[in-house]
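In terms of the numbering used here, the sequence shown opens at residue 1 and continues consecutively.
Mixed in with the good hints there might be a few duds.
[To be verified] Under the rule of at most 27 Å between Cα atoms (straight-line distance), these lysine-lysine pairs were calculated in the DSS-like manner:
| id | residue 1 | residue 2 |
| --- | --- | --- |
| 1 | K142 | K128 |
| 2 | K145 | K123 |
| 3 | K60 | K123 |
| 4 | K33 | K75 |
| 5 | K94 | K142 |
| 6 | K123 | K94 |
| 7 | K128 | K60 |
[Unchecked claim] The following label-pair restraints were derived from C-beta to C-beta distances:
| id | residue 1 | residue 2 | range |
| --- | --- | --- | --- |
| 8 | G34 | V10 | 20 to 28 Å |
| 9 | H74 | A51 | 31 to 39 Å |
| 10 | D20 | H74 | 24 to 32 Å |
| 11 | T97 | L37 | 32 to 40 Å |
Keep in mind the hints are simulated off the structure, nothing from the lab.
Heads up, the beta-carbon is just placed ideally off N, CA and C, and yes, glycines get one too.
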Amino acid sequence: MSDPSNSLAVSLFSEILVVDQLARANVARVLPKGMELSHFSVLNHLAHTGAERSPAQLAKTFHLTRGAMTNTLHKLEWAGWVHVRPDWDDARRKMVTISPAGQAARDAALAAIAPVIDDVVAKVGVDKVRTVLPVLREMRLKLSKFE
1 MSDPSNSLAV SLFSEILVVD QLARANVARV LPKGMELSHF SVLNHLAHTG AERSPAQLAK
61 TFHLTRGAMT NTLHKLEWAG WVHVRPDWDD ARRKMVTISP AGQAARDAAL AAIAPVIDDV
121 VAKVGVDKVR TVLPVLREMR LKLSKFE
């Protein structure tokens, strides 16, 4: 006989994984030409925090290797969306900020994404989304402690 709580956990995580996959696909489809979801995520984070971050800090925030983050930052820098400068206190490190062009690109992406997200929230129902959001946040916090 199977454990009902195990079945619940499997069903929950299966739904979360499928929702993640579908959300990423739908958002990626409407991003401005040349922008990837990883680019938007970094630009959105930098715009939201309003502070410089090191590549290592960004890698940790996004649960990526430093190499993966460096690759993303090179693409963002090449597009003119971020500024990367040496850390004045430690020449071995670099610091990253969003550029004015990056802010504009992030704003354009957000404008393209918003209708997709708003449509899903409207179809599911604002009250249901408000109810589930604290649970998802708590799950994120619990999962982040496994790392």
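task: Sort out which numbered hints this structure fails and list those numbers smallest first.
output: Result: hints 2, 3, 5, 6, 7, 8, 9, 11 break, sorted rising.
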